Amino acid sequence: METPLKKEELKEPITISYKPYAKYEYSAGQSISRYLEGLKEGKIIGRKCNKCGRVYVPPKMYCEDCFKPTDEWVEVKDEGIVETAVASFISWTRERLEEPGIVGTIRLFPSKENDYVFPGVFHRICCSYDEVRNMSIIGKRVKAVWRSERKGDIDDIECFKVI
Amino acid sequence: MRKVGIIGAGLTLFRRRMLETPQELAYIAASRALDEAGLELKDIDCVVIGSAPDAFDGIHMKGEYLAKAGGERKMTSRVYVGGATGVMTAISAWYHVASGLCEKVLAIAEEKMSPARPHPQSVFKYIWDPITEKPLNPNLIWIFAMEMHRYMAKYGIKKEDIALVSVKNKRNAMNNPYAQAAANITVDDVLNSEVLVWPVNRLDVSPVSDGAAAMVLATEDIVRRYTDTPVWIEGVGWTLDNTSWPGRELAYPRYLENAARMAYKMAKIERPDKEIDVVEPYDPFDYKELHHLEGLMIAKKGEAPKLLKEGVFDIDGDIPSSPSGGLLGVGNPIAAAGLMKTISIYWQLKGTAGKMQVKKPVHTGVAQAWGDLMQAATVIVMRN
Ligand SMILES: [Zn+2]
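Here the protein sequences come in this chain order: H and V.
Under our numbering, think of the first position of the first sequence as 100, with each following residue one higher.
Under our numbering, think of the first position of the second sequence as 151, with each following residue one higher.
Read the hints as simulated data drawn from the structure, not as lab findings.
On a predicted model such as this, the values are computed, not experimentally measured, just so you know.
Yeah, the Cβ is synthetic: ideal placement off N, Cα and C, and Gly gets one too.
Some clues are possibly wrong.
Taking lysine-lysine pairs in the DSSO-like style, the calculated list, with each CA pair at most 30 angstroms apart, reads [to be verified]:
1. V:275 with H:139
2. H:239 with V:450
3. V:510 with V:451
Now the in silico label distances, taken between C-beta atoms and shown as ranges [unchecked claim]:
4. H:165 with V:249: 26 to 34 angstroms
5. H:107 with V:451: 42 to 50 angstroms
6. V:208 with H:105: 16 to 24 angstroms
Output of the computed footprint for chain H on chain V, the stretches with three or more beta carbons under 8 angstroms from beta carbons of chain H [as the list claims (entries may be wrong)]:
7. 157-171
8. 292-301
9. 345-355
10. 388-397
Given the sequences, and given the hints that come with them, work out the whole structure.
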């Protein structure tokens with residue numbers, strides 16, 4: 100009863116293309132707005148909950164554990180430890196890339212090695228494919244490389260680089 | 151709470167580029183489930199629809215659309231927890247009966263991934279945070295590759311040890327008449343397949359699939375009236391962690407441990423590694439099965455690869471894992487894949503799994519799924 104089609108068979112039917120005219124203006128809210136302003140100034144801004152001590156990066160206006168408003172803005176270091184790193188040979192549309200894009204997550208300071216949650220960012224890492232492949236980049240201390248022209252978005256950081 | 155049992159289940163073939171519409175796939179699976187149960191649609195009180203994202207089928211309001219496959223003029227609802235949806239569909243159907251609200255429930259899960267253009271990967275771009283993540287042009291494989299590499303780094307696990315999951319599941323799928331990606335492959339085949347996002351190669355990943363699954367659940371007296379081989383749902387659990395995945399230890403699925411504890415408490419399981427006879431952990435990627443065997447507390451943290459190597463999770467091992475072939479072998483029409491895992495445990499416990507039937511006698515089985523942004527887990531415990 101079920102009928103799988105071959106790839107060739109998909110070339111024959113008439114295809115109707117349609118592009119919806121839909122645009123959105125997101126509200127970044129107080130926390131992400133301040134975060135983006137911080138990036139423009141070359142700083143990474145978080146919010147701290149004084150009850151449990153947790154530092155949120157990107158900042159959050161309330162602590163999800165204590166379920167109360169967070170207490171203060173804090174500037175965290177633009178330095179941290181590479182938790183994980185990968186090398187992508189495909190684009191987001193699954194086109195093959197010649198040069199891999201290298202990204203990962205960074206546990207920023209202040210934080211400790213055994214924290215399950217921590218101020219963390221997802222970003223590009225400036226290192227070679229070999230350093231990803233042999234895993235030597237994981238656990239390394241890195242620092243943000245800031246662009247000289249900044250406009251208040253995550254691209255104000257070029258990447259994180261080993262120090 | 152009322153005791154709830156399963157009396158029927160049905161699957162469509164899992165394939166890429168199915169001619170049938172999502173509604174037709176859901177109808178096929180639902181009819182097969184009703185046939186196995188010995189019921190007709192008019193006997194069903196409520197319907198639960200599971201579909202993970204609307205975007206794959208390209209149809210907005212999927213719940214309303216799929217309701218045509220049995221839910222019209224009935225108490226019908228849709229559940230959605232991303233990849234965890236398939237097992238959540240069964241859990242939701244369970245609480246419709248357990249609560250005393252309904253006598254007979256039809257659970258339907260469907261997903262058609264192949265219509266997305268230029269590639270299903272593109273759809274996933276929209277799950278990322280539009281301000282802090284999407285500008286980096288991520289694709290979904292990135293996030294799994296990051297988690298896999300973290301898991302490898304934290305516990306010193308090698309790629310070849312992880313690849314054994316893909317080898318095992320695709321081999322198990324040879325026994326599954328619904329499977330799309332059954333194959334006898336070797337670890338080298340996995341390691342030599344195209345590198346997508348290092349450390350993920352093409353054969354570490356489940357395929358793009360279309361398909362549907364359905365199940366009929368009922369109260370104890372109806373179950374006893376309709377079958378001599380009842381299978382009962384004895385524990386359910388589900389939890390959500392936060393979406394702040396870059397600020398979390400990715401090596402261990404805390405979200406799953408929480409859900410598993412809830413399900414085990416209900417089913418009175420104290421030693422999951424001793425009491426579970428057969429398991430279908432969620433395996434869209436090979437490392438994910440190992441990750442989930444640890445989150446389910448069937449293996450200790452970082453030790454699932456060792457047990458896998460020793461054959462513990464083989465079809466004739468102590469705790470067969472993904473005897474159906476899992477998502478890696480059967481295919482991954484997202485919500486349908488999770489319900490397929492639940493159904494495969496049901497068939498194992500009923501003793502009707504055919505060539506998939508595990509060698510040892512089985513009494514307690516667990517199915518699990520996972521989804522959203524590295525955060526949702528759903529667990530179901532069944533006994534015969
Ligand atoms: Zn707090």
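For each hint, the structure was consulted:
1. V:275 with H:139: Since the Cα atoms of residue 275 of chain V and residue 139 of chain H sit roughly 25 angstroms apart, the hinted pair holds (cutoff 30 angstroms).
2. H:239 with V:450: With a Cα-Cα distance of about 27 angstroms, the restraint between residue 239 of chain H and residue 450 of chain V holds, given a limit of 30 angstroms.
3. V:510 with V:451: holds, 26 angstroms
4. H:165 with V:249: 26 to 34 angstroms: holds, 32 angstroms
5. H:107 with V:451: 42 to 50 angstroms: holds, 48 angstroms
6. V:208 with H:105: 16 to 24 angstroms: holds, 21 angstroms
7. 157-171: Check passed, 8 qualifying residues.
8. 292-301: Coverage by chain H holds here, the residue count being 6 at a Cβ distance below 8 angstroms.
9. 345-355: holds (count 6)
10. 388-397: The restraint on the region 388-397 of chain V holds, since 5 of its residues have a Cβ under 8 angstroms from chain H and three suffice.
Hint compliance for this structure: every hint is met.
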